[in-house]
Amino acid sequence: MRYLILLIISLFASHANSIEWEDKQLFEGAIGSQTISVISSTDTAIFAPIITSFLTINPELNINYYVASSADVYEEFQRNPQDYDVVISSAMDLQLKLVNDGFSARIEGISYPDWAQWRESLFGFTMEPASIVINKKAFETLKVPRSRQEMIRVLRTNPELFRGKIGSYDVRQSGLGYLFATQDARASETYWRLMEIMGSLETRLYCCSGSMIEDLSNNTISIAYNVLGSYAQARTDIADKIEIILPSDFPNTMMRTAMVSKHSLSIRSSASFLRFLTSSEWTKAEGDSYHLPPLQAASQNEQRSAIALEPGLMIFLDKLKRKTFIKEWENALIQ
Amino acid sequence: MSTSDVNVYGSLRNRLVMTLIGGVAMLTLLSYFVIRNYAAHIAVQSQDSILRASVTSILDAAALRDGSVEIDIPYAAFSMLGTTTDDRVFYVIYQDDLVLSGYEDLSLPKDRSVTETAYRSTIYRDVAVRQVSASRTLIGADQRTIITASIAQTQDSLDDALDEISENIAIYGIGFFCLAVLLSIWVSSATIAPLKRLADSVARRGPQDLSPVAKPVPTEMVPLVSSLNHFMERLERSLKQSEEFIAEAAHRVRTPIATVRSHAEMTLQRVDKEENRQALRSMIRAIDETSRAAGQLLDHAMISFRADQHDYVSIDLVEITEDIVMRLRPVAEMKDVTIQLNTDAEVILLGDSILIQNAVRNLIDNALKYSPSDSVITIEVRKQPVTFIAVQDQGPGFQTHEMASLTDRFTRGENASGTIGSGLGLTIVRDVAKAHDGAVELSNNPSGGACVTLSF
Ligand SMILES: Nc1ncnc2c1ncn2[C@@H]1O[C@H](COP(=O)(O)OP(=O)(O)OP(=O)(O)O)[C@@H](O)[C@H]1O
Ligand SMILES: [Mg+2]
Numbered sequence: 018m019r020y021l022i023l024l025i026i027s028l029f030a031s032h033a034n035s036i037e038w039e040d041k042q043l044f045e046g047a048i049g050s051q052t053i054s055v056i057s058s059t060d061t062a063i064f065a066p067i068i069t070s071f072l073t074i075n076p077e078l079n080i081n082y083y084v085a086s087s088a089d090v091y092e093e094f095q096r097n098p099q100d101y102d103v104v105i106s107s108a109m110d111l112q113l114k115l116v117n118d119g120f121s122a123r124i125e126g127i128s129y130p131d132w133a134q135w136r137e138s139l140f141g142f143t144m145e146p147a148s149i150v151i152n153k154k155a156f157e158t159l160k161v162p163r164s165r166q167e168m169i170r171v172l173r174t175n176p177e178l179f180r181g182k183i184g185s186y187d188v189r190q191s192g193l194g195y196l197f198a199t200q201d202a203r204a205s206e207t208y209w210r211l212m213e214i215m216g217s218l219e220t221r222l223y224c225c226s227g228s229m230i231e232d233l234s235n236n237t238i239s240i241a242y243n244v245l246g247s248y249a250q251a252r253t254d255i256a257d258k259i260e261i262i263l264p265s266d267f268p269n270t271m272m273r274t275a276m277v278s279k280h281s282l283s284i285r286s287s288a289s290f291l292r293f294l295t296s297s298e299w300t301k302a303e304g305d306s307y308h309l310p311p312l313q314a315a316s317q318n319e320q321r322s323a324i325a326l327e328p329g330l331m332i333f334l335d336k337l338k339r340k341t342f343i344k345e346w347e348n349a350l351i352q
Numbered sequence: 072m073s074t075s076d077v078n079v080y081g082s083l084r085n086r087l088v089m090t091l092i093g094g095v096a097m098l099t100l101l102s103y104f105v106i107r108n109y110a111a112h113i114a115v116q117s118q119d120s121i122l123r124a125s126v127t128s129i130l131d132a133a134a135l136r137d138g139s140v141e142i143d144i145p146y147a148a149f150s151m152l153g154t155t156t157d158d159r160v161f162y163v164i165y166q167d168d169l170v171l172s173g174y175e176d177l178s179l180p181k182d183r184s185v186t187e188t189a190y191r192s193t194i195y196r197d198v199a200v201r202q203v204s205a206s207r208t209l210i211g212a213d214q215r216t217i218i219t220a221s222i223a224q225t226q227d228s229l230d231d232a233l234d235e236i237s238e239n240i241a242i243y244g245i246g247f248f249c250l251a252v253l254l255s256i257w258v259s260s261a262t263i264a265p266l267k268r269l270a271d272s273v274a275r276r277g278p279q280d281l282s283p284v285a286k287p288v289p290t291e292m293v294p295l296v297s298s299l300n301h302f303m304e305r306l307e308r309s310l311k312q313s314e315e316f317i318a319e320a321a322h323r324v325r326t327p328i329a330t331v332r333s334h335a336e337m338t339l340q341r342v343d344k345e346e347n348r349q350a351l352r353s354m355i356r357a358i359d360e361t362s363r364a365a366g367q368l369l370d371h372a373m374i375s376f377r378a379d380q381h382d383y384v385s386i387d388l389v390e391i392t393e394d395i396v397m398r399l400r401p402v403a404e405m406k407d408v409t410i411q412l413n414t415d416a417e418v419i420l421l422g423d424s425i426l427i428q429n430a431v432r433n434l435i436d437n438a439l440k441y442s443p444s445d446s447v448i449t450i451e452v453r454k455q456p457v458t459f460i461a462v463q464d465q466g467p468g469f470q471t472h473e474m475a476s477l478t479d480r481f482t483r484g485e486n487a488s489g490t491i492g493s494g495l496g497l498t499i500v501r502d503v504a505k506a507h508d509g510a511v512e513l514s515n516n517p518s519g520g521a522c523v524t525l526s527f
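Protein chains in written order, with the working numbering: chain A, 18 to 352; chain B, 72 to 527.
No wet-lab data here; the hints were simulated from the structure. Small disclaimer: the values here were computed from a predicted structure and weren't measured. It cannot be assumed that every hint is accurate.
[What the hints assert, rightly or not] Restraint ranges, calculated between C-beta atoms of paired labels, are given here:
#	chain 1	residue 1	chain 2	residue 2	range
1	B	A264	A	G126	54 to 64 Å
2	B	S178	A	R173	51 to 61 Å
3	B	A199	A	L282	36 to 46 Å
4	A	W209	B	G211	25 to 35 Å
5	A	G227	B	G211	23 to 33 Å
[To be verified] In silico lysine to aspartate or glutamate, EDC-like type, Cα no more than 20 Å apart, as pairs:
#	chain 1	residue 1	chain 2	residue 2
6	A	K279	B	D131
7	A	K258	A	E219
8	A	K336	B	E451
Built from N, CA and C at the ideal position, the CB exists for glycine as well.
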């Protein structure tokens, strides 16, 4: 009887654990014989140029590219660490925790600034600031806000214009949204005042940058807070409709990070992929396709605004801390 | 006596150096481990204090709100744990015995008191970690609960720091050791120096200098130096006694023998009976033998004594030879022997004239004794190719099989049975030669007769 229950539980568990991929794609090198599995939270379209240029240099490799949300990436990799060679995610905190919990392989010999790497295992390779993105049309008569303070002022003076027309991450669903929110809260009280006013104006909550930008382009919303500017920039088709603003008071810059699994069977090839990401080589990707802003090309100022890879990131993953934070966030935003 | 005759056992200096170096090596090693341990202790202490601060900040953030525990962990609680080597951090928070948050499998030390902070080194997830745990009691309206926070951190940076410290200590230790080695060599030399000075001053002395050591010496050397002084004093006294004895004996023995002989001769002239005369003649002969033996023995003793003194001055071998030839001329004339002297004008050598006189006299004496009457004795004294004196006669010469042993004490040849002698003459010549670093050579002339060469 006990075994039966166990069996049922495990069946149920394995069902519950099966992951739904947002995308899954095999990139083949010219003479590819060995395949690296990459699990990532970055959309294939955005990442493809990087992979292609890597495969031109290393034609003997293939890359199997799996895409899921950053939370799913974390869960899935933790469950089946032997299935993946390289983990790429925008959730710096979750990535750091994976390394802290001993899932990563040490890749030596990459000279990198301290804040952009952790334990020679986790390496940031992009610099993507959180931005305020506006629909230009909605601001034709208004002064475009350049900082959080100015955004508060604009919202406060024109509540009717913006009611139901503000978008932001639902931090309960989006790992990246949660990361940006916690870093904002850490940096300044302004964040909570902004949340309060956004809450009073019935802010729409989104799971991901994509849909938020989509709604921005079709006038469903007029202003989106804490969107990844890089994603907005990637939508070259709507470039003339929107404007991307880096808040001047305190910018938060996220690094997309990569690590090699300790259980990888092809650590050497995986490490060479990681080295490729941390070098500036991939920025030379050909064509006019958009590519992510590389860390190597970031200015001093941008580098200073980067969220550092340090154990403090794990604080917000704490159950109690998260509970407290979400409660406070809900109190402010959902009224 | 040369140093090679000394029975050597080890070196005082080396022993001193080795002992000092050994001591220093042990001290260096010891201090290496002591300092390393101490550094490790301090490093662990500093890690402990950071971990404790982190634990405290978590506990401080705990609050009871509407009966449930809320902990708004400050960001600093973890960011303060950043290290240069990015050490891993594990934590767990308990409410009473229930895990509230964190790594559930991170266990708390068993024998921990709620009121005290517990520190321990343990293994978590197969790595060595340092763990600090502390508790705090929260008191609500009708509730009392204990919150325990525990943080564990890996020790990579600590190990790094320790490695660096160890390396530094090792470098300093080796430097210190090298200095100490140089110092101990210097100290040993300085300590041994008075001993060396004493040895030098004794070695530099003349052969007759048996005066006590007068220079001041360190206390440790006083027994040695005083025994040395004592010994030299005794030696000097015994040498003086021997000298006096020889001189006195010569005087006291020769005179009575001469008296006895003259009495015997006088008696011989008065006695007519043939058998009595025969007996007296044997007696006179025995007296001659005795006299000769006593004389040669005393001469030999005197030569041995003087040979040790090395009291050398410049002397002219020609002059000495001429003098002796002159003195022996009466004997030669009695035997109708002609002595022919072929010499350089002057043959100077560094030596003891009494010794050389003795040697030359014995040579000529032998030639006179063992050659027939009416013959010629030829004496050559030359300084080329080496300084030498050669005495040739026209007698029977040496028996070939005896030549090697004739210079031994009391050894006489077969041809000597009719002559009076003690067998010490050539021994004296040999010893004199040796005292002057010279040599004696016995040979026979192709035309007959013996030839003895004393060369220097
Ligand atoms: N010129 C010589 N011709 C032949 N034989 C000699 C001659 N000189 C020495 N000898 C031999 O060598 C021996 C040793 O000589 P040595 O002078 O030592 O002793 P000695 O003459 O016998 O005694 P004394 O001590 O009185 O001189 C002699 O006994 C003799 O046989
Ligand atoms: Mg003789």
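Each hint, compared with the structure:
The beta-carbon spacing between A264/B and G126/A, approximately 59 Å, falls within the hinted interval of 54 to 64 Å. Judged by the Cβ atoms, the range 51 to 61 Å given for S178/B and R173/A holds: they are separated by roughly 52 Å. Under the hint 36 to 46 Å, the C-beta atoms of A199/B and L282/A, about 28 Å apart, miss the expected range. A C-beta distance of roughly 27 Å is found between W209/A and G211/B, which places it inside the suggested range of 25 to 35 Å.
The beta-carbon spacing between G227/A and G211/B, approximately 46 Å, falls outside the hinted interval of 23 to 33 Å. Taking the CA atoms of K279/A and D131/B, the gap is about 37 Å. The hint is violated against a cut of 20 Å. Taking the CA atoms of K258/A and E219/A, the gap is about 23 Å. The hint is violated against a cut of 20 Å. A threshold of 20 Å between alpha carbons decides the hint, and for K336/A with E451/B the separation of about 128 Å lies outside it, so the pair is violated.
In summary, the structure is inconsistent with hints 3, 5, 6, 7 and 8 from the numbered list given earlier, while agreeing with the others.
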